[in-house]
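Q: Heads up: the sequence lines are chains A and B, in that order.
Count along the first sequence from 1, add 36, and you get the number used in this note's numbering.
Count along the second sequence from 1, add 1, and you get the number used in this note's numbering.
These are calculated hints, taken from the structure and not from any lab test.
Only a predicted model underlies this, so the values are computations on that prediction, with no experimental measurement involved.
One or more of the hints may lead you astray.
[Stated by the list, open to error] Chain B is nowhere near these chain A residues, computed Cβ spacing over 10 Å in every case:
{"hint": "1", "residue": "Ala58"}
{"hint": "2", "residue": "Ile173"}
{"hint": "3", "residue": "Tyr199"}
{"hint": "4", "residue": "Leu206"}
{"hint": "5", "residue": "Tyr208"}
{"hint": "6", "residue": "Val277"}
{"hint": "7", "residue": "Asp295"}
[As the list claims (entries may be wrong)] Quick list of in silico lysine-lysine cross-link-like pairs, DSSO-like style, CA-CA up to 30 Å:
{"hint": "8", "chain 1": "B", "residue 1": "Lys77", "chain 2": "B", "residue 2": "Lys110"}
{"hint": "9", "chain 1": "B", "residue 1": "Lys62", "chain 2": "B", "residue 2": "Lys133"}
{"hint": "10", "chain 1": "B", "residue 1": "Lys63", "chain 2": "B", "residue 2": "Lys255"}
{"hint": "11", "chain 1": "A", "residue 1": "Lys195", "chain 2": "B", "residue 2": "Lys110"}
{"hint": "12", "chain 1": "B", "residue 1": "Lys75", "chain 2": "B", "residue 2": "Lys255"}
{"hint": "13", "chain 1": "A", "residue 1": "Lys195", "chain 2": "B", "residue 2": "Lys66"}
{"hint": "14", "chain 1": "B", "residue 1": "Lys63", "chain 2": "A", "residue 2": "Lys195"}
{"hint": "15", "chain 1": "B", "residue 1": "Lys77", "chain 2": "B", "residue 2": "Lys133"}
{"hint": "16", "chain 1": "A", "residue 1": "Lys195", "chain 2": "B", "residue 2": "Lys255"}
{"hint": "17", "chain 1": "A", "residue 1": "Lys195", "chain 2": "B", "residue 2": "Lys62"}
[Said to hold, decoys possible] Computed, partial: chain A to chain B, Cβ under 8 Å:
{"hint": "18", "residue": "Ser189"}
{"hint": "19", "residue": "Ser193"}
{"hint": "20", "residue": "Gln197"}
{"hint": "21", "residue": "Asn198"}
{"hint": "22", "residue": "Ser209"}
{"hint": "23", "residue": "Gln217"}
{"hint": "24", "residue": "Pro220"}
{"hint": "25", "residue": "Asn221"}
{"hint": "26", "residue": "Gly224"}
{"hint": "27", "residue": "Pro225"}
Where a beta carbon is used, it is the ideal one built from N, C-alpha and C, also for glycine.
Chain by chain, the residues run as shown.
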Amino acid sequence: MRGFNLNLWLGGFLTVLVIAGALFAPLIASFDPVFDANLMNSELPPDATFWFGTDAQGRDVFSRVLYGAQVSLTVGIVSQIINSVIGLSLGISAAYWGGWWDDLVNGLTNVMLAIPSLIFALAIMAILGPGLPSLLIALGLTNWSWTCRIARSSTLSLKAQNYVQAAQTLGYSDTRIMATQLLPNMVGPILVISTLGIGSAVLAEAALSFLGLGISPPFPSWGNMLTDARELIVIAPWAAVFPGLAIFVTVLGFNLLGDGLRDMLDPHMRTRSE
Amino acid sequence: MTDAPLIQLKNVHVGIPSRRNALSIVKDVSFSIMPGEAFGLVGESGSGKSLTALSLIRLLKKPLKVTQGEILFKGKNLRDLSDRAMRDMRGDRIAMIFQEPMTALNPLKTVGRQIAEMFVLHRGKGWHEAEKMAVDALASVQVPAPEERVRAYPHQMSGGMRQRVMIAIALACDPDLLIADEPTTALDVTVQDEVLKLIAELCAARGTAVLMISHDLGVIANMCQRVGVMYSGRLVEERATYDIFANPQHPYTKGLLGALPRLGSRHGAGGRQRLVDIDSLIADKESLLQEFCYEPRNSIRDPRVRAGASV
């Protein structure tokens with residue numbers, strides 16, 4: 037029997053907490069994140085009414101963090117799905133087919149790794165303009181190189197496995213081998229890199245919004261909340277601490293969840309059915 | 002048995018194609034297998050047995066290719082088939098089982114699912130029906146409690162059981178030809194015997210022809226009606242099994258049979274006998290390029306061999 041999987045439970049708990057906060061933000065939040073501005077209440081410390089305090093415009097930081105979670109999670113999850121689809125299909129097919137296609141994908145991956153992804157995302161945002169759809173595209177196109185690398189190296193080692201060769205002799209098509217023999221057997225490392233990727237996409241969104249290219253004020257995202265709070269960091273530190281804490285909890289939650297899932301999905305750790 | 006061979010290899014060469022100095026690894030191999038017949042290919046490691054088998058199902062790894070010759074399956078040249086048609090043939094009409102049962106199954110899928118996949122792939126069945134058929138397939142290879150065993154993962158089974166599952170997968174679609182590439186080498190002796198009997202019985206019952214590849218002459222003697230002996234990429238001798246054991250013609254075959262250890266025979270000083278071996282190593286690349294590929298073998302000095310001809 038196995039011990040208690042702390043990573044899975046703690047990571048799962050934090051992730052569910054953040055997702056629930058994002059989904060039920062309209063029910064939980066007692067203030068509107070944009071329009072309930074009241075300069076009379078500006079820069080109040082946390083109390084019973086304003087749990088996380090208020091910002092310079094007197095808006096409730098707690099409500100803004102909840103609504104910001106919607107943006108951050110959407111960006112993190114959707115852009116990582118785009119990254120995974122690109123990285124997996126390029127990486128698996130490159131390693132499986134080899135030849136010029138492998139050379140091309142490898143070259144492309146190296147170029148992507150050489151360019152700092154945030155700078156590349158900035159360039160794409162500059163072309164597409166700020167807003168959620170361009171954020172998704174920018175982050176979805178710039179962070180697939182690690183997934184691709186891992187998919188490729190997993191495929192190279194799996195390709196030599198007897199069951200992949202056996203599948204060829206049994207009449208499986210190339211795409212079927214990729215989907216049923218290769219992909220499921222690399223779920224562990226891919227899941228780990230994907231949850232890390234969600235974490236870094238959340239951070240990248242915060243960075244882009246901080247730089248003014250992500251979600252435009254007054255609509256809240258954790259990144260532009262940090263931008264706004266930067267000037268008040270001495271007077272009203274809560275306005276910066278809570279969005280920062282939200283980013284921290286989200287990234288930590290996804291990373292722990294990835295580790296926990298990897299342990300759980302390993303079939304050799306499953307107990308015997310008898 | 003009909004007169005038309007199920008599969009016929011005509012002067013097949015396998016090698017690395019290049020403009021100059023093309024290197025052939027399998028040279029001029031011709032043999033045929035009748036429907037329902039068991040044909041054995043013996044030879045030491047590196048003699049080209051497995052390459053010959055892989056050329057049959059067109060799964061040679063780059064840069065290896067069939068450079069010359071015809072591979073006729075029911076009269077059709079497999080070399081002319083489209084990739085798609087060849088893929089449909091594999092697993093359906095020609096199936097293959099391997100040496101390593103421990104790693105030849107996907108570790109993430111239940112064995113039932115893996116058997117069922119053959120019915121989905123080649124018979125167009127739905128998963129539900131296919132999984133029911135998998136229970137019968139598992140029962141046919143004499144796995145106890147097949148209704149429960151279909152839900153087992155490969156790591157929950159022993160080597161012998163996994164090889165049975167492989168046989169069930171290979172025979173799921175009633176192929177015309179089963180290629181067995183050293184199917185029992187990785188198993189222990191008692192299990193070997195059971196697995197061989199199982200292959201022999203199932204193939205006899207279904208009329209499946211077998212191409213048995215082995216370096217174990219005992220396995221071949223038990224299983225096959227005819228044997229081909231491969232040496233350095235050539236088929237040097239090909240005859241009925243009893244004939245080859247009683248009366249080997251080619252010097253290499255003689256050497257191979259002479260090297261068989263015999264139970265209970267002891268002579269020489271101290272009642273101990275040294276195992277007989279065949280002198281020298283297998284021919285290397287340079288000598289492969291020459292016609293005299295048997296030259297390095299000191300004890301084999303037969304003029305017919307030096308001419309590179311089969312006897």
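Q: Hints first: check each against the structure and report whether it holds.
A: Quick rundown of the hints versus the structure:
| no. | hint | in the structure |
| --- | --- | --- |
| 1 | Ala58 | holds, 32 Å |
| 2 | Ile173 | holds, 33 Å |
| 3 | Tyr199 | violated, 5 Å |
| 4 | Leu206 | violated, 4 Å |
| 5 | Tyr208 | violated, 7 Å |
| 6 | Val277 | holds, 44 Å |
| 7 | Asp295 | holds, 19 Å |
| 8 | B:Lys77 with B:Lys110 | violated, 36 Å |
| 9 | B:Lys62 with B:Lys133 | violated, 35 Å |
| 10 | B:Lys63 with B:Lys255 | violated, 35 Å |
| 11 | A:Lys195 with B:Lys110 | holds, 17 Å |
| 12 | B:Lys75 with B:Lys255 | violated, 34 Å |
| 13 | A:Lys195 with B:Lys66 | holds, 20 Å |
| 14 | B:Lys63 with A:Lys195 | holds, 14 Å |
| 15 | B:Lys77 with B:Lys133 | violated, 34 Å |
| 16 | A:Lys195 with B:Lys255 | violated, 40 Å |
| 17 | A:Lys195 with B:Lys62 | holds, 12 Å |
| 18 | Ser189 | violated, 18 Å |
| 19 | Ser193 | violated, 12 Å |
| 20 | Gln197 | holds, 6 Å |
| 21 | Asn198 | holds, 4 Å |
| 22 | Ser209 | holds, 6 Å |
| 23 | Gln217 | holds, 6 Å |
| 24 | Pro220 | holds, 5 Å |
| 25 | Asn221 | holds, 6 Å |
| 26 | Gly224 | violated, 10 Å |
| 27 | Pro225 | violated, 14 Å |
Going down the numbered hints, you'll see the structure goes against 3, 4, 5, 8, 9, 10, 12, 15, 16, 18, 19, 26 and 27, while the others check out.
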